[in-house]
Amino acid sequence: MKKNIYKHEFKMNLRSVIIWSIAVAVLLFVYISLFSSIAVDTELLNEMLAEFPEELLLAFGMENMDLASVLGYFSFLFLFVQICLAIQASYYGFSLVSIEERELTADFLLAKPVGRTQILTSKLLAALSGLLITNIVVWVSSFILVEIFKGDRTYDTQALILLLLGLFVFQLFFLSVGLVISLLVKRVRNVTPYAMALAFGMYVLSAFGDMLGESKFENITPFKHFDPGYIVQNAAYNLPLVSISLVVIVISLVGSYLLYARRNIPAPV
Amino acid sequence: MSVIEVNELTKYYGKARGIVDVSFQVDEGEIFGFIGPNGAGKSTTIRLFLSLIYPSSGSATIFGKDAIEYGPELRQDIGYLPSEVFYYERMKVIDLLKYSASFYEQDCTERLHELAEIMELDLKRRIDDLSYGNKKKVGIVQGLMHQPRLLLLDEPTSGLDPLMQRKFFKLIREENQRGVTVFFSSHILGEVQRMCNRVGIIKEGSVINIQDIKTLQSDNYKKIRIAAEDLDEAKFEIDGVSNLQKSNGAVRFFYKGDINQIMRKISETEVSDVTIEEPTLEEIFLHYYE
Chain A
1 MKKNIYKHEF KMNLRSVIIW SIAVAVLLFV YISLFSSIAV DTELLNEMLA
51 EFPEELLLAF GMENMDLASV LGYFSFLFLF VQICLAIQAS YYGFSLVSIE
101 ERELTADFLL AKPVGRTQIL TSKLLAALSG LLITNIVVWV SSFILVEIFK
151 GDRTYDTQAL ILLLLGLFVF QLFFLSVGLV ISLLVKRVRN VTPYAMALAF
201 GMYVLSAFGD MLGESKFENI TPFKHFDPGY IVQNAAYNLP LVSISLVVIV
251 ISLVGSYLLY ARRNIPAPV
Chain B
1 MSVIEVNELT KYYGKARGIV DVSFQVDEGE IFGFIGPNGA GKSTTIRLFL
51 SLIYPSSGSA TIFGKDAIEY GPELRQDIGY LPSEVFYYER MKVIDLLKYS
101 ASFYEQDCTE RLHELAEIME LDLKRRIDDL SYGNKKKVGI VQGLMHQPRL
151 LLLDEPTSGL DPLMQRKFFK LIREENQRGV TVFFSSHILG EVQRMCNRVG
201 IIKEGSVINI QDIKTLQSDN YKKIRIAAED LDEAKFEIDG VSNLQKSNGA
251 VRFFYKGDIN QIMRKISETE VSDVTIEEPT LEEIFLHYYE
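So the sequences go chain by chain: A and B.
Under the working numbering, read the first sequence as residues 1 to 269, first letter to last.
Under the working numbering, read the second sequence as residues 1 to 290, first letter to last.
Pulled out of the complex, with its shape left as it was, chain A reads as follows (with noise of 0.2 Å):
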C-alpha cells in the first residue's frame, strides 16, 4: 500500500462517501417516521396486505413479513437501503481504476515509480474506508431511528446488528465485481449505466427469483444472501448463501489483480 495514493483517493471519494451517507440516513429517517402511523392500525394493515397480489408481495420480500413489528418493518424498508448501497459500491467498483482511463490520468499514475498491485491495493483500501465511513453512518442512524420511534415495543437487538453488519460484505460483492467487469470491458466511458445494472440487475434476478419459485439461479446474487426477512426471522445467516458471496468476492478480487497488472493503458489519443 501507498500511504499517497491512499491519501489521494481517499480525499477525491470523500465527497461522494458523504453524499451517499447523508442520502441513505434521510432516506431511513423518512421511512421509519412513517412506522409509527402505519403501526397504530394493525388490523387494518395486515388485511391490506392481504388484498395484495401474491407476486408483489414476492417482489418486495413480503411474503411472510409482518409490517407491524419493529423489525418486521424494517426489514421491509431495509431493502431499499440495500439497493441504494448496492448502486453505491457498484459506482465505486466500476470507477476504481476505469476513472484514471476515462479523465486520461493513467499515464500520470503509471509512469511514478509504483507498481500496479501497489496502485490497486492502496485505490481499494481507499474505497473501502469510504464504504465503511457509509456503513457506520447507516449503522448508528438505523439504530438510533429504531430507538426513537420504536414506542413501546421491543425487537431482538441481535437480528438488527447480524442485518446491519451484512451490509459490509453486501457492499463488498458489489465494489469486486463492478471492478473485475470493469477490468475486463476494454473501456468503460460512463460508470452509471454499469452500476446501475449490476445494482438493479441482481435485485430483479432476487425479486423474480421469489416468484418463479424453486430456481437456483436466484442464488447468486446477494439480495439473496443477505435476504433481510431470512435474518430478521431467524436472527441469523443462511451460511451457505452468504459464502457464495464470499466465494465471489475472493475470486473478483484475485482476478482484478492478475487483469490489472498485465492491462495495456490505452493512449489518450
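Note that these hints are calculated values from the structure, not bench results.
Treat each hint with caution, since some may be false.
[Claimed, not checked] Just some of the chain A residues that point at chain B, by a computed CB distance under 10 Å:
| # | residue |
| --- | --- |
| 1 | K7 |
| 2 | H8 |
| 3 | M12 |
| 4 | T105 |
| 5 | D107 |
| 6 | L109 |
| 7 | A111 |
| 8 | K112 |
| 9 | V114 |
| 10 | G115 |
| 11 | Q118 |
| 12 | V140 |
| 13 | A236 |
| 14 | N264 |
| 15 | P268 |
[As the list claims (entries may be wrong)] Cut-off 25 Å, straight-line C-alpha distance, at most; resulting in silico cross-link-like pairs (PhoX-like, lysine-lysine):
| # | chain 1 | residue 1 | chain 2 | residue 2 |
| --- | --- | --- | --- | --- |
| 16 | B | K265 | B | K223 |
| 17 | B | K98 | A | K7 |
| 18 | B | K15 | A | K186 |
Beta carbons: idealized from backbone N, C-alpha and C, even for Gly.
Add chain B to chain A, keeping to what the hints say.
Same frame as chain A, now just chain B:
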C-alpha cells in the same frame, strides 16, 4: 554505456500494428531524436519503456534492467512528458505537483519552485482553469522536478508558444549537460535538428534508419540548383541524382555520390548561377517517406 537498449521490440494491439521488431540503443548522455509521422509508433515505443503497455515480443532494458520487471524501480529515475497532458481536474497545481513529488525518494520542493519560476507557472490555480499551454508547463515541471537521469519526451513542444519552447529547450540542454540522457520523440524536424546528436527514423512501426544527425545532413546529400539559359535537364540524369526538377530557367536536384563527378557535369555547362547547399532535415526526411 547504453541507457536504453531495445531488442526486437514488437507490439500489436490485437491485430493492429504498433511497432515491429524495433531495435536500437541510446547512449548515456546523448539526446536521441525519434522521428516519424503520427501513427508510426513513437508513442507506442515510449509507452513500452514505461510499462504502460506490455510488449507482444522482444524487450527493452533501461539502465541495464528489464523495463517491465524493474518498472517501478526504474521509473524513480525517469522523467516523462507526454504529448497530451491530463491531470486531476479538481486539484490545484501546487497540490498536484506535491502529490507527484510524494512518489519520489528525494525532496523535490526546491526544484519544483525553481522550475515553476522558469516556466512562469502559477501554482495556486486549479488544473481545470488552466489553458492547454499552462497544463503543458505543469507537465514539464512534474517531469523534471525529481531530477531524473533519463527523460522521455513525447512530442513535448505541442501547445507551447515559441518563447516557452525556447525556454524548454534551454532547460533540456541544461539537464543534458548535467549528464541526463534524453529520448526526444517528435514529428517536427527543425527541433530535432537543433537538439539531437543522433536520430532514429520510424516509419509504419519499423525503425528504418539510425544516424548521426551531422552525417545524415552533410555526408549524404547535396541540394544543387543550377541556373542557365537553354538548360537541358536530361544532362544531369546521372547516378546519384534524385528529385530532378526544372522551373524558372533553373534545375534543382539532390545529389548523393562523388562530388567531383557532378562538378565536372556542371563545368561543362555555361551557367549563370550555381548553389550547392546542405539539405534541411525536412528534405531528407521526405526522401525517407517517399
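Status of the hints after comparison with the structure:
1. K7: At 9 Å from the nearest chain B Cβ, A/K7 passes the 10 Å test, so the hint holds.
2. H8: Check passed: Cβ of A/H8 comes within 6 Å of chain B, closer than 10 Å.
3. M12: With Cβ-Cβ at 7 Å, under 10 Å, it holds.
4. T105: Holds - the Cβ of A/T105 comes within 10 Å of chain B, reaching about 6 Å at its closest.
5. D107: holds, 5 Å
6. L109: Constraint on A/L109 satisfied, holds at 9 Å.
7. A111: holds, 4 Å
8. K112: holds, 4 Å
9. V114: holds, 6 Å
10. G115: holds, 4 Å
11. Q118: OK, holds: A/Q118 within 10 Å of chain B, min 8 Å.
12. V140: violated, 29 Å
13. A236: Hint on A/A236: violated, closest Cβ of chain B at ~45 Å, above 10 Å.
14. N264: This hint holds: A/N264 lies near chain B, its Cβ roughly 4 Å from the closest one there, short of 10 Å.
15. P268: Constraint on A/P268 satisfied, holds at 5 Å.
16. B/K265 / B/K223: Distance of about 15 Å is within 25 Å: holds.
17. B/K98 / A/K7: Roughly 13 Å between the alpha carbons, so the hint for B/K98 and A/K7 holds.
18. B/K15 / A/K186: Answer holds: B/K15 to A/K186 is near 15 Å, not above 25 Å.
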